[in-house]
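If you read the protein sequences in the order shown, they are chains A and B.
So the mapping is simple: the working numbering equals the position in the first sequence, first residue as 1, plus 523.
So the mapping is simple: the working numbering equals the position in the second sequence, first residue as 1, plus 523.
Hints are not guaranteed to be accurate.
Pairs count within a copy or across copies, as identical chains cannot be separated in the list.
As the list claims (entries may be wrong) - Computed cross-link-like contacts, DSS-like style, restricted to lysine-lysine with a CA-CA straight-line distance of at most 27 Å: (1) K804 / K784; (2) K751 / K813; (3) K530 / K751; (4) K565 / K807; (5) K740 / K805; (6) K728 / K809; (7) K784 / K770; (8) K722 / K790; (9) K565 / K784; (10) K751 / K805; (11) K805 / K565; (12) K807 / K770; (13) K784 / K810; (14) K784 / K722; (15) K797 / K751; (16) K565 / K810; (17) K565 / K813; (18) K797 / K807; (19) K790 / K813; (20) K813 / K770; (21) K805 / K790; (22) K813 / K784; (23) K728 / K740; (24) K810 / K566.
Hints are computed from structural coordinates only; laboratory data are not their basis.
2 protein chains.
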Amino acid sequence: MTEELLKGVRNNDHVCISRLITLVENAPLLEKSPLQDLNSNKKSIRIGITGPPGAGKSTLTNELIETILANGKTVGIIAVDPTSPFTGGSLLGDRVRMNKYMWDDRVFIRSMGSHGDLGGLAHKSQDVSDVLEASGKDFIIFETVGVGQGEIDIASAADITIVVLVPESGDEIQLMKAGLIEIADIFVVNKSDRSGANKLASLLKNILHYFSKNNRKEPEVFNVVSTKSIGIAELYLGIQNLLMLMKDNGTLEQRRISRSKDRVYNKVSEYLGKVFWTSNKKDKLKKVLKLSDSKSLNINWVIQQILSE
Amino acid sequence: MTEELLKGVRNNDHVCISRLITLVENAPLLEKSPLQDLNSNKKSIRIGITGPPGAGKSTLTNELIETILANGKTVGIIAVDPTSPFTGGSLLGDRVRMNKYMWDDRVFIRSMGSHGDLGGLAHKSQDVSDVLEASGKDFIIFETVGVGQGEIDIASAADITIVVLVPESGDEIQLMKAGLIEIADIFVVNKSDRSGANKLASLLKNILHYFSKNNRKEPEVFNVVSTKSIGIAELYLGIQNLLMLMKDNGTLEQRRISRSKDRVYNKVSEYLGKVFWTSNKKDKLKKVLKLSDSKSLNINWVIQQILSE
Chain A
524 MTEELLKGVR
534 NNDHVCISRL
544 ITLVENAPLL
554 EKSPLQDLNS
564 NKKSIRIGIT
574 GPPGAGKSTL
584 TNELIETILA
594 NGKTVGIIAV
604 DPTSPFTGGS
614 LLGDRVRMNK
624 YMWDDRVFIR
634 SMGSHGDLGG
644 LAHKSQDVSD
654 VLEASGKDFI
664 IFETVGVGQG
674 EIDIASAADI
684 TIVVLVPESG
694 DEIQLMKAGL
704 IEIADIFVVN
714 KSDRSGANKL
724 ASLLKNILHY
734 FSKNNRKEPE
744 VFNVVSTKSI
754 GIAELYLGIQ
764 NLLMLMKDNG
774 TLEQRRISRS
784 KDRVYNKVSE
794 YLGKVFWTSN
804 KKDKLKKVLK
814 LSDSKSLNIN
824 WVIQQILSE
Chain B
524 MTEELLKGVR
534 NNDHVCISRL
544 ITLVENAPLL
554 EKSPLQDLNS
564 NKKSIRIGIT
574 GPPGAGKSTL
584 TNELIETILA
594 NGKTVGIIAV
604 DPTSPFTGGS
614 LLGDRVRMNK
624 YMWDDRVFIR
634 SMGSHGDLGG
644 LAHKSQDVSD
654 VLEASGKDFI
664 IFETVGVGQG
674 EIDIASAADI
684 TIVVLVPESG
694 DEIQLMKAGL
704 IEIADIFVVN
714 KSDRSGANKL
724 ASLLKNILHY
734 FSKNNRKEPE
744 VFNVVSTKSI
754 GIAELYLGIQ
764 NLLMLMKDNG
774 TLEQRRISRS
784 KDRVYNKVSE
794 YLGKVFWTSN
804 KKDKLKKVLK
814 LSDSKSLNIN
824 WVIQQILSE
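All chains should be modelled from the sequences, with the hints used to inform the complete structure.
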């Protein structure tokens with residue numbers, strides 16, 4: 524049954540892909556991961572797209588899909604909404620997209636909600652992208668609603684990260700303190716037919732120049748009007764050029780290795796925790812914590828008690 | 524030697540406190556924690572103070588110290604700067620404070636830098652506050668430079684969290700999306716002799732009313748001018764009232780239990796990771812990751828290899 528499913532995925536059967544993703548999303552324990560026997564002979568280019576709500580990330584993604592297809596390539600989309608408890612294509616915009624590409628084997632779209640567990644979401648979205656990679660997609664796009672830690676986690680899942688802003692995002696410069704400058708490889712000023720677009724673009728370039736470090740290429744800024752398909756070809760070319768550069772100087776490989784390493788560490792940590800915290804140990808902890816009524820609790824002593832259980 | 528140190532801490536000897544904190548900060552492994560035999564018969568009130576740079580957190584903290592002393596109580600200050608790699612009283616403002624209270628047994632001040640490890644900082648600052656608790660301090664104040672995730676971690680270390688804003692912080696309302704509303708038990712509008720203070724206070728009250736949940740008291744907003752000692756007595760009273768309320772309805776105990784639980788889980792997780800990742804396993808992982816040159820790497824397969832080592 525699983526064997527057939529994996530075969531289906533490798534043959535880019537979208538029904539099988541969808542089923543395996545659901546299995547992966549609900550996989551309880553690492554040892555039983557259905558992905559263990561899933562191997563891929565190619566590496567997808569993983570692109571993260573993030574930015575504040577209203578920046579037009581979905582429209583930009585749609586334009587990128589079309590450009591990718593026009594270049595004879597295939598693409599998987601993982602739309603991540605950390606604020607939504609829903610999953611499986613529940614976003615309205617996604618429904619429209621999904622209908623458009625329903626019979627198109629070159630495009631696979633999946634929405635993921637957080638179930639209230641941000642960290643878990645970042646892990647699972649990586650597993651899902653492994654499935655899409657095994658199906659042979661050339662590109663995988665992570666599209667995420669930008670809200671703090673979640674977007675940074677998601678960015679760590681991508682080869683390159685595009686941060687989308689709009690001319691009105693002047694205030695969003697504030698947000699950059701929160702780490703957007705660190706994660707962005709490319710900036711897109713979307714809706715660039717509005718006033719203030721050039722101002723924002725040059726402000727961004729100044730900031731980027733100021734913050735640029737020696738060990739990293741300064742992110743490029745692209746002016747785009749997604750709704751009119753303006754600037755998309757230039758952006759696509761920019762992505763290709765950046766990827767080529769990163770391949771040549773080794774940063775692409777470096778990022779992939781460090782990403783894999785992080786994933787292994789995170790998964791092992793999750794696994795160790797699950798094995799360690801037997802219901803016995805959980806009960807014991809619960810009891811000890813309740814004893815702490817008047818006296819201060821010595822955490823390190825508590826841990827000794829539980830380790831020696 | 525450690526026995527004597529612990530005795531000194533329990534006798535509120537500030538030199539011993541300082542030494543034990545350094546030991547704790549550098550403690551490599553959980554099992555050897557010097558805190559294991561440190562017990563405290565009282566519980567300090569732990570107050571977190573956070574807010575954007577320039578809001579006057581240090582001046583407010585200084586005023587609180589004076590009010591606490593005037594009420595015959597003692598206090599420990601843990602100044603946390605996640606952006607600073609330095610530790611041990613390196614901040615200029617702290618040096619001034621430290622000099623002021625150098626010979627005062629009622630006030631102990633410690634600065635902590637991040638060493639580039641935010642999560643670790645949150646853990647360590649809790650260990651440090653255990654030392655201060657054992658020395659008998661009535662209050663422990665965590666003062667933190669507000670920058671995203673760090674401040675939320677630090678807030679989780681406190682019984683109550685005070686968020687400090689200034690009239691100019693109108694834009695900082697933006698920041699509230701990032702979780703300040705969730706962590707604040709009390710809001711202080713500092714520098715309230717400036718124009719816009721009342722506007723900000725009522726805006727805040729509206730927002731808080733809108734976001735308030737049934738299971739929690741709506742945070743109070745206090746107008747304060749720290750540099751002129753205006754509003755400090757009211758704030759101190761507000762803190763006392765809130766603590767009494769939280770004691771009565773059980774939320775104080777609830778928070779302390781859930782905080783202890785989180786600490787145990789985090790420390791155990793750290794411990795399990797350290798035990799698991801022998802240099803053999805690390806080497807193996809490094810080798811496997813380097814093999815991933817052209818083929819995609821199956822993370823779940825890698826983990827199986829390492830688990831079966």
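Status of each hint after checking the structure:
no., hint, result
1, K804 / K784, "between (29 Å within a copy, 12 Å between copies)"
2, K751 / K813, "neither (62 Å within a copy, 44 Å between copies)"
3, K530 / K751, "neither (40 Å within a copy, 74 Å between copies)"
4, K565 / K807, "between (48 Å within a copy, 23 Å between copies)"
5, K740 / K805, "neither (48 Å within a copy, 30 Å between copies)"
6, K728 / K809, "neither (54 Å within a copy, 37 Å between copies)"
7, K784 / K770, "within (19 Å within a copy, 45 Å between copies)"
8, K722 / K790, "neither (44 Å within a copy, 48 Å between copies)"
9, K565 / K784, "within (19 Å within a copy, 43 Å between copies)"
10, K751 / K805, "neither (57 Å within a copy, 51 Å between copies)"
11, K805 / K565, "between (43 Å within a copy, 26 Å between copies)"
12, K807 / K770, "between (52 Å within a copy, 25 Å between copies)"
13, K784 / K810, "between (37 Å within a copy, 11 Å between copies)"
14, K784 / K722, "neither (40 Å within a copy, 50 Å between copies)"
15, K797 / K751, "neither (50 Å within a copy, 54 Å between copies)"
16, K565 / K810, "between (51 Å within a copy, 20 Å between copies)"
17, K565 / K813, "between (53 Å within a copy, 16 Å between copies)"
18, K797 / K807, "both (16 Å within a copy, 23 Å between copies)"
19, K790 / K813, "between (31 Å within a copy, 19 Å between copies)"
20, K813 / K770, "between (56 Å within a copy, 15 Å between copies)"
21, K805 / K790, "both (21 Å within a copy, 15 Å between copies)"
22, K813 / K784, "between (38 Å within a copy, 11 Å between copies)"
23, K728 / K740, "within (13 Å within a copy, 45 Å between copies)"
24, K810 / K566, "between (49 Å within a copy, 19 Å between copies)"
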